[in-house]
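Keeping their order, the protein sequence lines are chains A and B.
Using this note's numbering, read the first sequence as starting at 14 and increasing by one per residue.
Using this note's numbering, read the second sequence as starting at 14 and increasing by one per residue.
Hints listed in this document are in silico derivations from the structure and should not be mistaken for laboratory results.
Where hints are given, some of them may not hold.
As the list claims (entries may be wrong) - In silico contact screen, one side only, chain A against chain B (beta carbon under 7 angstroms); selected entries:
(1) G117
(2) G180
(3) F240
Beta carbons are placed, not taken as given, at the ideal position from N, Cα and C, and that holds for glycine.
Protein chains: 2
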Amino acid sequence: MGKLSEFEPIFYPKSVAVVGVSANEEKAGNRFLRVMTEFGFKGKLYPINSDTNEILGLKAYPSLRHVPEPVDLVNVNAPARSVPQIIEDCVANGARAAEIFTAGFSEASEDGRRLEDEIVRLAKGRLRIIGPNCFGVYCPRGGLTLLPGPKYPKESGSVAVISQSGGWVTDFIWAGSGHGLRFSKVISYGNACDLNETDFLEYLATDPETKVIAAYMEGVKDGKRFFELAKSLLGKKPLIIWKGGLSETGKRAVDSHTGSLAGERVVWEGFFKQTGAVMADGFEELLDTTAIFSHFPHGAGRRVAVVGGGGGVGVAASDICERVGLKIPASSPEVMERLRAILPPVGTSVRNPVDVGAPMVPSPLFQEVLEILLSWDGIDTLLIDRMFFYGIPQLVGAPDTDTEKRVEVLTNVAAGTRKPILAVLGELSSGIDMIDIEVGRRETRQRFREAGIFTLPSIHRAAKALSNLCYYYETALPRNR
Amino acid sequence: MGKLSEFEPIFYPKSVAVVGVSANEEKAGNRFLRVMTEFGFKGKLYPINSDTNEILGLKAYPSLRHVPEPVDLVNVNAPARSVPQIIEDCVANGARAAEIFTAGFSEASEDGRRLEDEIVRLAKGRLRIIGPNCFGVYCPRGGLTLLPGPKYPKESGSVAVISQSGGWVTDFIWAGSGHGLRFSKVISYGNACDLNETDFLEYLATDPETKVIAAYMEGVKDGKRFFELAKSLLGKKPLIIWKGGLSETGKRAVDSHTGSLAGERVVWEGFFKQTGAVMADGFEELLDTTAIFSHFPHGAGRRVAVVGGGGGVGVAASDICERVGLKIPASSPEVMERLRAILPPVGTSVRNPVDVGAPMVPSPLFQEVLEILLSWDGIDTLLIDRMFFYGIPQLVGAPDTDTEKRVEVLTNVAAGTRKPILAVLGELSSGIDMIDIEVGRRETRQRFREAGIFTLPSIHRAAKALSNLCYYYETALPRNR
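So here's chain A without its partners, still in its complex pose (with noise of 0.2 angstroms):
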């Protein structure tokens, strides 16, 4: 167990030492002193070596020992059989934590599962260990990011993230911040010989910034303390998790990433049904249920007013809706004749799903129907699909009359009510020569986002990750069902 204030110096380091680095821009020492540096970190960089003076202008030392001060954070990449002795000259040096990113530990073999304990020994109560076998900690806050990640977002924002997988972990940040993600810390954990996936949970449930965890795992170090403080998430703050090794082939491949104990399927099913954790299947769900739990941090209800441009939409919203547990309810008379008023009686249907006949419907039109959908007490959320033909002029050969009024619709729309609105903006086309048609698609969705609407890129995925976002409220609070 962490206290709260021995994570300070690791998301919030005055002073980083870096041992394990070369001259070699090839090596990963150098590569990771080179993107804190590109990262704007603002506190002391100790590059430690003892054949240089000088490593990318930054005075260097031969050991942690020759270090002038002691310094919070050390990041070490030097090689296994060393790491027992880095941690001893931490110990001397002062240090307050390491983020160890060599592998050949507990993962690999017995003789890695020693070293491991002795590294864990030669720590214990003088300085905490995050790893071995990550790629550490990324706190923008803290101007602390990891390997390889010069370019991600500088800004702060209310995400956190712990992962066993490192490689995971960059995914998902590159992927997250094209979807509008800003993250307040995330945590590549690998072996976790000291501070393992419950601490940083412990940390994170009282983080003010950080307001949706999502979870990458493999295994659980101390299971019963981990479903305790899931547990007491509940209502708190959302904790959404992938749980990797579900299967008996996945436990077999976990066994060979992290040496963790994937457990039994139906024991997590439990956890997740007991504690209120949202379960993602798989990365991309991960990331969709993220997002929109940052989103709309309120929650959404489950019944769903549908507006397709074409008929096609309804029915294939229709099935994976009704799949995921939510609901289309019919539209009531009221709603069913004020629609009919408006819209063309053939091509169309009032009835919800709404099917307003095709894409390229007047704006004035479209946003009638939102209005009246809107207003309509019978539904809580309001989704729509394959009404926004970004790239109409390139594809469609005609100008581009209405689409641009149309999103203007929609913002505007989104801006008169409390009632969650999703968008789904499809991959129109994925020619390299029609990458200007992607340029308009991530434009929209960033405008859409900007007015609180919330965009997946197909109707299968919106739904999936509107049922995980129902299906946390109800559980934390029920009486609102």
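Fit chain B to the given chain A structure using the hints.
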């Protein structure tokens, strides 16, 4: 039932008349005429309009009765109530077929149903009808396109699509062509008052251009014949069906959309089981599955070797592969030994899934790993994830030392094997400012495609598509299992 000769004027018309075409560029008839011209239709185009002598530089005729020759295909955009008269004119002209875009028939009301019955009666034995309430036909070899489709590929291909939704068809052509699909015939058939899904399927079964058939269906007009035909296709041409409206909510949406009888889920499950048609769950899966069938016409086997840049990849691949019925056999002792001899001892795994440690491994090492796995007779198919970081310079802030070489390695290796290779090319960053990375992804995807390597954007989508491919060939050729 349609005779084969009756389809000739539909797919390869020598002349097309457009009825319901005005000088107003916003109207569908005008747009269709323009789109056909832009698409490069080589036959005669006859605009039919009694108010003007010329539309878009083409001589206009007051009615079909004034056209100096019998036309092959009549495109009808006129209001529903005028369609019976137009059909009479078609008959008088000696026209062979009509595609009726107009909606407002049996899907809309009882009056509409009577109107539809009337046009069927008038056309019976005289001309064939596609629609009404449809988008018509796209057949690049015939120079024929549909709305909106001036930018659809002009090259012909081996994929045929039949669909009850015009919207999904247009999206499918756009998205599919970006993914490398090319089409033989695409038919949006709407209400299918005359030619229906089974008629088109019968034609496509014998069409030498068509190798793979994709379908979006909400209902079936002639269940028994469709069943027999689907069954007869097994082992000849894969038939992949996305069946819309399998849920209760979906059935209601189907009723509003095409007025079809959606049918019970259990009946459709029986259909798929007994015919060997492949069931696709939604738009993306229809697209992915069609693409993989088109890409690997000889099928693939379920025993998969996975190569990942990082251990989390292997865990994710294991979980999803097991769920969809793919096998990831543990490496044989010989394979393990050979991999162990070349891979770094820590941070990697020589068991299958094989973890090479990180995406940025040296290309010669990557090549050796691929060659060892491909020469192993314990696996049929190779699946690679998280090895190609096309945006490395931008994301990592380091020069792109070896990604390009790894792409080369894989394309070379693919040339020397008959085992199918799939590579996941994930959407690494989706920010507007990182559009270059998306360009890199699309370029890599195209290079891979040309080298015979199949790509999809996620391990989930790749595994599902591969499993669908395996399922079909196992069902069609059970002795090869």
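Here is how each hint holds up against the structure:
1. Taken as an interface hint, G117 (chain A) checks out: its beta carbon lies about 3 angstroms from the nearest beta carbon of chain B, inside 7 angstroms.
2. With 7 angstroms as the threshold, the beta carbon of G180 (chain A) comes within range of chain B, its nearest partner Cβ sitting at about 3 angstroms, so the hint holds.
3. Against a cut-off of 7 angstroms between C-beta atoms, the interface hint on F240 (chain A) is violated, since the closest Cβ of chain B lies about 22 angstroms away.
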